[in-house]
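Visitor: Going by my numbering, the sequence shown opens with residue 6, and the numbers climb by one from there.
It is worth saying that the hints were derived from the structure and are not from the lab.
Treat each hint with caution, since some may be false.
[Unchecked claim] No more than 30 angstroms apart at the CA atoms, straight line, and that leaves these computed lysine-lysine pairs for BS3-like: (1) Lys-332 / Lys-312; (2) Lys-292 / Lys-312; (3) Lys-414 / Lys-426.
[Stated by the list, open to error] The following label-pair restraints were derived from C-beta to C-beta distances: (4) Ala-244 / Ala-102: 40 to 48 angstroms; (5) Ser-86 / Arg-380: 21 to 29 angstroms; (6) Asp-341 / Ser-216: 34 to 42 angstroms; (7) Glu-206 / Ser-37: 43 to 51 angstroms; (8) Ser-37 / Glu-89: 25 to 33 angstroms; (9) Asp-99 / Leu-213: 41 to 49 angstroms; (10) Asp-103 / Thr-161: 25 to 33 angstroms; (11) Ser-340 / Arg-380: 52 to 60 angstroms.
Just so it is clear, CB atoms sit at the ideal spot from N, CA and C, and this is done for glycine as well.
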Amino acid sequence: MSGPGPRLQLRQSQRLALSPAMQQSVGLLALSGASLEEMIAEAADENPFLVYTPVESASSDSGALLSPYDVALQTVAARPSLGEHLCGQIALMDLQADVAEAAMRLAYDLDESGFFTQADPRAVALEHGLREPLALKAIRAVQACDPVGVGAFNLTECIRLQLVEAGLSTARIQLVLSGLAYFTKGQTNLIGPALGLTQAETEEITALVRSLDPAPGRAFDVADPIIRVPELLVTETAAGQVNVELVNDHAPRLAIDSALAAARDGMGSSALAEAKSLIAAVRYRGKTLLQVARAVIAVQSAYFAGKSTAFVPLTRSAIADQLGLHKSTVGRTISDKTLLWRGQIVEFDSLFPAALEGTGGRAVSSHAAQLAIARVVASETAEAVLSDDQICTRLREDGVDMSRRTVAKYRKCLNIPSSSKRRRLLTRSAEPSRSR
Numbered sequence: 006m007s008g009p010g011p012r013l014q015l016r017q018s019q020r021l022a023l024s025p026a027m028q029q030s031v032g033l034l035a036l037s038g039a040s041l042e043e044m045i046a047e048a049a050d051e052n053p054f055l056v057y058t059p060v061e062s063a064s065s066d067s068g069a070l071l072s073p074y075d076v077a078l079q080t081v082a083a084r085p086s087l088g089e090h091l092c093g094q095i096a097l098m099d100l101q102a103d104v105a106e107a108a109m110r111l112a113y114d115l116d117e118s119g120f121f122t123q124a125d126p127r128a129v130a131l132e133h134g135l136r137e138p139l140a141l142k143a144i145r146a147v148q149a150c151d152p153v154g155v156g157a158f159n160l161t162e163c164i165r166l167q168l169v170e171a172g173l174s175t176a177r178i179q180l181v182l183s184g185l186a187y188f189t190k191g192q193t194n195l196i197g198p199a200l201g202l203t204q205a206e207t208e209e210i211t212a213l214v215r216s217l218d219p220a221p222g223r224a225f226d227v228a229d230p231i232i233r234v235p236e237l238l239v240t241e242t243a244a245g246q247v248n249v250e251l252v253n254d255h256a257p258r259l260a261i262d263s264a265l266a267a268a269r270d271g272m273g274s275s276a277l278a279e280a281k282s283l284i285a286a287v288r289y290r291g292k293t294l295l296q297v298a299r300a301v302i303a304v305q306s307a308y309f310a311g312k313s314t315a316f317v318p319l320t321r322s323a324i325a326d327q328l329g330l331h332k333s334t335v336g337r338t339i340s341d342k343t344l345l346w347r348g349q350i351v352e353f354d355s356l357f358p359a360a361l362e363g364t365g366g367r368a369v370s371s372h373a374a375q376l377a378i379a380r381v382v383a384s385e386t387a388e389a390v391l392s393d394d395q396i397c398t399r400l401r402e403d404g405v406d407m408s409r410r411t412v413a414k415y416r417k418c419l420n421i422p423s424s425s426k427r428r429r430l431l432t433r434s435a436e437p438s439r440s441r
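Input sequences plus hints: build the corresponding full structure.
Guide: Next up, the structure:
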C-alpha cells in the first residue's frame, strides 16, 4: 500500500493591505528633510500638474521677518575645527600661562592631517618667535590631546604616539616602526622576511598598524561640511512654555496647476492623480511629524524647560499608544530626523532613552545614566582614575544600578577612553606643570 501522497490544503487568513496612497504616505515618513526636498523637486520636474516652490531664504538686509527655516540655518551650532577641539582640551590642562598660550597658537598651525607643517620643533620655535624650551612644552601639550597622533611632525611620529598610547613596550614599538615603510608601499608580504617574523606575528602587526589612524586630523576637516537642517524647532516662551513647530513645512509650497488641470480635457488623469496623492502624503508626513514631536516634547518638557538635566525614559510604544498610531509609524517618524534647540541640533530618536533600574525600583533613563558617568569621569585626577567596576559602585551610591558591561558600553558611546588611557592622558597633561 502506497503512502499518503501530497495533499493540497487551502488556508484562509486575513491581512491588512495598505493602499498605494497609504504606502506612499508611510514611505515619506521615513525620509529625511533633505531627501524629501530632493524627491519633491524631481516629482515636480516630471509631473506637469505639480507646482513646487523651493525654499528661498530671506536676505538679511531685506527687513523681512525670518522664517523658522531661516532661523535654523543661521543658528545651527557649527562643527568645531581641529584647532578648536584641541584648544578646548588645552584649556583644561594644568599648564603655565605662557605654555597654554603657545600650545593654543600651535593648535591652529597643524595641517588637515593633524601634522605640524614645519620640519622640527626648532623650526616651530623660529616661525612663532618662541624660545625653544617653551616651544617643546607647547608641542608636548598638543601631542597630549585627542585624537592621539596629532601634533606629530611626520607619519612615523604619528604612529609612534598612537603605539605609546596603546601601551606597547619600547621594543614592540621599534619593531612596528621598522616595518612601517613596507606598509606605506603596500608591500606587506615583505614584512615577515625582512623583520624575521612568523606568519602569526606578521598578521598581528599588520592588524595593529591597520587599526591606527595615519591622519588623525582628517576627522575635523570642515572644508565641505554636511549641513543637516533640522526639521523641528523647539522654543521656550517667557512664561516657560515649550513649543515645537515645523522648520520647513513642505505642504504649503506644493500645489496643483489649476489652469492646466482645468484645460486638460480628460487627458493626463493618471499624472493628476499622482500629483494629488503626493500632496496628500506630504501633508500627512508633516502632520504626523508635528503630532509625534509635540507628544514627545510634552513628556520631555522638564528637560527643555531647564528643570532637569536628563531625558526621562520613553518608548516608541508609549507614544504610539497615546496617539493611536502603530509603533512602526512612530519609528519611521523619528528616523533620521533632528530638532533645533538653543542653537544645537538634537537627534529626535535620542529623546527615547531606555529605562534602567534605579534604587528603590525607580526608573532612570539611559541618558541620565550617561550624564552620571560623564560627571564621575570629569571629577577624576591622575592619582584617582576609576575602573568601570569602580564607576559602577559610585553610580549605585548615587542611585543608578547598572552592570560593568553597561558602564563600558555607555562610556564608549560618550567617547570616553579606558581608565588606563585616561590615566596616561591626565598624567601627561600634568607633566609640563611639574617641571616649572
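Visitor: Please verify whether Lys-414 and Lys-426 have alpha carbons no more than 30 angstroms apart.
Guide: holds, 16 angstroms
Visitor: Take the C-beta atom of Asp-103 and the C-beta atom of Thr-161, compute their distance, and say whether it sits inside 25 to 33 angstroms.
Guide: Taking Cβ atoms as reference, Asp-103 and Thr-161 lie about 30 angstroms apart, which means the hint holds.
Visitor: Determine whether the Cβ-Cβ distance between Ser-37 and Glu-89 falls within the hinted range of 25 to 33 angstroms.
Guide: Between Ser-37 and Glu-89, where Cβ atoms are some 27 angstroms apart, the hint holds.
Visitor: Please check whether Glu-206 and Ser-37 have a Cβ separation lying inside 43 to 51 angstroms.
Guide: holds, 47 angstroms
Visitor: Just tell me: holds or violated, for the beta carbon distance of Ala-244 and Ala-102 against 40 to 48 angstroms?
Guide: holds, 45 angstroms
Visitor: So does Ser-340 sit 52 to 60 angstroms from Arg-380, Cβ to Cβ?
Guide: violated, 30 angstroms
Visitor: Between the alpha carbons of Lys-332 and Lys-312, is the straight-line distance 30 angstroms or under?
Guide: Since the Cα atoms of Lys-332 and Lys-312 sit roughly 29 angstroms apart, the hinted pair holds (cutoff 30 angstroms).
Visitor: For the pair supplied as a hint, Lys-292 and Lys-312, confirm whether the alpha-carbon distance does not exceed 30 angstroms.
Guide: holds, 29 angstroms
Visitor: Using the beta carbons of Asp-99 and Leu-213, state whether their distance is inside 41 to 49 angstroms or not.
Guide: Hint violated: Cβ distance 32 angstroms, outside 41 to 49 angstroms.
Visitor: 21 to 29 angstroms was suggested as the range; check whether the CB atoms of Ser-86 and Arg-380 agree with it.
Guide: holds, 27 angstroms
Visitor: Is it true that Asp-341 and Ser-216 lie within 34 to 42 angstroms of each other by Cβ?
Guide: violated, 30 angstroms
Hint violations for this structure: numbers 6, 9, 11, all remaining hints satisfied.
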